[in-house]
Amino acid sequence: MIVQTIISPCWQASPSALASSVSHLENLLQHAPDETELFFRADDIGVPSKNCRHMLALFARHHIPLHLAVTPAWLSETRWQILREWAGKEDSLWIWHQHGWRHQNHQKSGKKGEFGQDRSSEAKQADIIKGREKLIGLMGTDFAPVFTPPWNRFDTVTGGILAEAGYRAVSRSVGEMKKVPLPACLPDYAINVDLHTRSEALPQNGLQTLLDEFRLAMDSGRIGIMLHHQRMNDASFSFLDSLLSLAKKIKRFKLTTL
1 MIVQTIISPC WQASPSALAS SVSHLENLLQ HAPDETELFF RADDIGVPSK
51 NCRHMLALFA RHHIPLHLAV TPAWLSETRW QILREWAGKE DSLWIWHQHG
101 WRHQNHQKSG KKGEFGQDRS SEAKQADIIK GREKLIGLMG TDFAPVFTPP
151 WNRFDTVTGG ILAEAGYRAV SRSVGEMKKV PLPACLPDYA INVDLHTRSE
201 ALPQNGLQTL LDEFRLAMDS GRIGIMLHHQ RMNDASFSFL DSLLSLAKKI
251 KRFKLTTL
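The numbers in the UniProt record's numbering rise by one with no breaks, and the one at position 145 of the sequence shown is 145.
No false leads were mixed into what you were given.
Distance ranges between label pairs, derived from CB positions:
#1 Lys-178 x Lys-108: 15 to 25 angstroms
#2 Ala-184 x Gly-221: 17 to 27 angstroms
#3 Lys-251 x Ser-121: 39 to 49 angstroms
#4 Asp-234 x Gln-117: 35 to 45 angstroms
#5 Glu-122 x Arg-84: 27 to 37 angstroms
#6 Lys-108 x Gln-4: 14 to 24 angstroms
Calculated from the structure, these hints are not laboratory results.
Built from N, CA and C at the ideal position, the CB exists for glycine as well.
Turn these sequences into a full structure, and let the hints guide you.
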């Protein structure tokens, strides 16, 4: 299992810069159109950790749903029991779903992908079904037939496999629908705000670009927010806490579940 734990520079900004970004975010969200869809998705779930528990506790405290993209190969019965206990008894808050199979890159060149064109249809289908069967075996009725691909992308063949297998939705990056259209029966709830896998070198640039992502997402009518708990520090947890507070305080959002 390979998981990046690098903290993006924006979460190493000064306390005053972070406080200012929260203030700007509140001013921005206050002008969201009524019934703007809002959903949260946490990737790379499967191994219990302090950060994972903290993240679950925040969403539970604010009573806001979280889509948990679970990598099947990482999950064991013991790990599932721990995660399920941490989640608590409010089942409606948690959408446990599939995050590929092993989160392994199979592309020989270009952007990373577990379900790209450099694998056969048979290999991709086998991994998808194997992952789903493992999650159903461990989770039972807690499993939701939703698919989030590692690295937020897959090829056209994979879209067909998922539709034929009866998945009810996928969640990729914004823009992927234009690159790889999906069958009509398979809606895509795209992520358009990335909290933690940011690459801006300067903290102030990262925070500004993050606010710009919120603005563009808000204008589209749907804000889909991606989290990676392994890459969070105290500052990013504080920001998330403020964001969740705003999501409940500002009565303009429709909290969406897939």
